[in-house]
Amino acid sequence: MKTKLFFVFAAFCCAFLAYGTYQALVVAPTEETMGDVQRIFYVHVPAATVGFTLFFVNFIASLAYLWKRSPKADALAAASAEVGVVFCSVVLITGPIWARYAWGVWWSPWDMRLNTTLMLWLLYVSYLILRKSSTGSSTSVLASALAVFAFLDVPIVYMANRWFRTHHPAPMIGTPNLDHRMQNILFINMLAFLVFGSLIAWFRYELERTTQKINAAHVRRAATGGAAMLALPAMFLATPNHVNPTAYLWGGYLAAWGIYVGYLLFLMSKLAKLKKETAEL
Amino acid sequence: MNASITRLSWINVAKDLRLEWRSRDVFNSMMFFALVVVVVFSFAFERDDSRPVMGGLIWVAFLFSTTMALNQSWARELRNGVLDAYRVSPAPAEALFLGKVLGNFILILLLECLMAPLFVIFYNLSSVGPLWQLGVIALLGTWALVVNGTFFAAMSIRTRNRELMLPLLLLPISIPAVLTMVTATTQVLTGEGAPAVQMKFLAGYCVVFTTACFLLFETVLNAE
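As given, the protein sequences belong to chains C and W, one line each in that order. Be aware that the first sequence starts at 1, since it is given in the working numbering, and climbs by one per residue. Be aware that the second sequence starts at 1001, since it is given in the working numbering, and climbs by one per residue.
Source of the hints: derived by calculation from the structure; they are not laboratory data. A portion of the hints provided could be inaccurate.
[What the hints assert, rightly or not] Looking from chain W toward chain C, a few residues come up when the C-beta cut is under 7 Å (computed):
1) Ile1173
2) Val1208
3) Thr1210
4) Thr1219
[To be verified] Simulated pairs of lysine to any residue, SDA-like, Cα-Cα distance not exceeding 25 Å:
5) C:Lys68 - W:Leu1221
6) C:Lys132 - W:Pro1090
7) C:Lys132 - W:Arg1162
8) C:Lys132 - W:Thr1219
9) C:Lys72 - W:Ile1175
10) C:Lys132 - W:Lys1200
11) W:Lys1200 - C:Lys68
12) C:Lys72 - W:Asn1222
13) C:Lys132 - W:Leu1078
14) C:Lys72 - W:Ala1223
15) C:Lys132 - W:Asn1222
16) W:Lys1200 - C:Val45
17) C:Lys68 - W:Pro1090
18) C:Lys270 - W:Phe1214
19) C:Lys132 - W:Leu1083
20) C:Lys132 - W:Glu1163
21) C:Lys72 - W:Thr1219
22) C:Lys68 - W:Glu1094
23) C:Lys68 - W:Ala1212
24) C:Lys72 - W:Pro1130
25) C:Lys68 - W:Phe1214
Ideal placement from N, C-alpha and C gives every residue a C-beta, glycine not left out.
So here's chain C without its partners, still in its complex pose:
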């Protein structure tokens, strides 16, 4: 039943994502000053939305764990943090590709918005490291306490735009500055990526539950895996003025989907390992 529901959801998600991407790449109007590269917007912003949402889920699940000590809440916290890091990585990779064309630099070191997003990513990576390196049942408690601390930094990320100087544009949704066609397509993509994010998080959650069950059956550490590595094209060397914005657009899309697909493959290999382990029990 659950598996069937999962595949129906996955099929719906694929169709929705394909529709959203088609809208973003073909239907959406080309931006006047930045040209095609602006279409990165439709993966960059939704990825940020999904990432921040998942970090929020992680915070709620951690609080729930601290209160009720239920292993389900812990599994949800672990799953949402890991998938959140993946989406946050997409934000941090597509952002510089876009910025290189729009601002002429990959990264602006004194920009608070960029720094705070990077900081969030670092925080949740440290959360994942803590989960891997603590032992036994103390893992969940320590990780939940850290999650509360990490989430206290999220309001700072949101307020940083207003408190400090930044290159990064202020949120434009709902303001007359954003073309309404662009806005609609952005919303379609946000929804599509939210569906995608919850699908992966659900998958990861089931994996975590299986791991918990296996660990409960016989205490043994789950296998660790390497993160998906990604090579960016040779546009690092090109000066932005001589480059077609479309090249940056493709760079952004390829990087984003490279991360998503790489992460899915990683989850698949984890699933295969867990299946093998369950069969041995």
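Since the structure of chain C is provided, determine the placement of chain W on it from the hints.
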């Protein structure tokens, strides 16, 4: 038996300081480490106008020495089984935490007071802006580092790779505070702009994270 939190914390502070005074193992190594950092930096950077980079250098030196000191402060308690004793005692865990934080705070402030003249000597440093602002920034910044550091040191000694874990947890959490400390210090040293916003931000950061530490410390102490 009705000892108040203040009294219990004070007993902890006095015990920590007495131990440190007799052995001086943390303080000496921390002081030496900070000295080496200052000397290495003085070789690595130009001295003509060091003011724009000094804010960063000073705080990086203090941050690293703080990390060293904090790891040791809990390691001692773990070796002697003090944590287990505390878990079974009726004294509130917050008293232990407050005592540790105050003890570390005093230690790090002492270190900063001893290091400040070294920065002045090695970099021929003088401040353009008012000095009292540097004092306020140092107090707030040190508190922010020490309160989070003490909490995360208690957390990281529970993991497999103890000493390695503290910087991994503490640095990301402290980035907003460190960024603000550095920009505020640089503003005072160069005399460009008043760091009022940064000071308020630091104060807010201290309040938020001190509260969170106190609320969660007992949970972390008893995690098993």
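Here is how each hint holds up against the structure:
Here the hint on W:Ile1173 is kept, as its CB sits about 6 Å from the closest CB of chain C, short of 7 Å. A distance limit of 7 Å between C-beta atoms decides the matter here; for W:Val1208 the minimum to chain C is near 6 Å, and the interface restraint holds. Interface hint status for W:Thr1210: violated, as the beta-carbon distance to the closest one in chain C is roughly 11 Å, over 7 Å. Checking W:Thr1219 against chain C: minimum C-beta separation of about 6 Å stays under 7 Å; hint holds.
Using a Cα cut-off of 25 Å, the hinted pair C:Lys68 and W:Leu1221 holds, with the two alpha carbons roughly 18 Å apart. Distance hint between C:Lys132 and W:Pro1090 is unfulfilled; the C-alpha atoms sit about 33 Å from each other, more than 25 Å. Only pairs whose Cα atoms come within 25 Å are accepted, and C:Lys132 paired with W:Arg1162 is accepted, the gap being roughly 13 Å. Distance hint between C:Lys132 and W:Thr1219 is fulfilled; the C-alpha atoms sit about 19 Å from each other, no more than 25 Å.
This hinted pair does not check out: C:Lys72 and W:Ile1175 have alpha carbons roughly 31 Å apart, beyond 25 Å. Between C:Lys132 and W:Lys1200 the alpha-carbon distance is near 36 Å, which puts this suggested pair outside the 25 Å criterion. A C-alpha spacing of about 36 Å is found between W:Lys1200 and C:Lys68, which places the hinted pair above 25 Å, so the restraint is violated. For the suggested pair C:Lys72 and W:Asn1222, the alpha carbons sit about 21 Å apart, so the restraint of at most 25 Å is met.
This hinted pair checks out: C:Lys132 and W:Leu1078 have alpha carbons roughly 22 Å apart, not beyond 25 Å. Straight-line distance between C-alpha atoms of C:Lys72 and W:Ala1223 comes to about 18 Å, which keeps the hinted pair within the 25 Å bound. Of the pairs offered as hints, the one joining C:Lys132 and W:Asn1222 holds, with about 20 Å between alpha carbons and a cut-off of 25 Å not exceeded. Only pairs whose Cα atoms come within 25 Å are accepted, and W:Lys1200 paired with C:Val45 is rejected, the gap being roughly 31 Å.
For the hint linking C:Lys68 to W:Pro1090, the alpha-carbon distance of about 24 Å falls within 25 Å, and the restraint holds. The hinted pair formed by C:Lys270 and W:Phe1214 fails the criterion: a straight-line CA distance of about 38 Å is larger than 25 Å. Taking the CA atoms of C:Lys132 and W:Leu1083, the gap is about 23 Å. The hint holds against a cut of 25 Å. In summary, the hint linking C:Lys132 to W:Glu1163 is supported, as the alpha carbons are separated by about 15 Å, within the 25 Å threshold.
Simply put, C:Lys72 and W:Thr1219 have alpha-carbon atoms about 19 Å apart, close enough for the 25 Å limit, and the pair holds. The hinted pair formed by C:Lys68 and W:Glu1094 meets the criterion: a straight-line CA distance of about 22 Å does not exceed 25 Å. Taking the CA atoms of C:Lys68 and W:Ala1212, the gap is about 19 Å. The hint holds against a cut of 25 Å. Our distance criterion of 25 Å between C-alpha atoms is broken by C:Lys72 and W:Pro1130, whose separation comes to about 55 Å.
Between C:Lys68 and W:Phe1214 the CA atoms are separated by roughly 20 Å; this keeps the pair inside 25 Å, and the hint holds.
Violation of the numbered hints given earlier is confined to hints 3, 6, 9, 10, 11, 16, 18 and 24; the remaining hints are satisfied by the structure.
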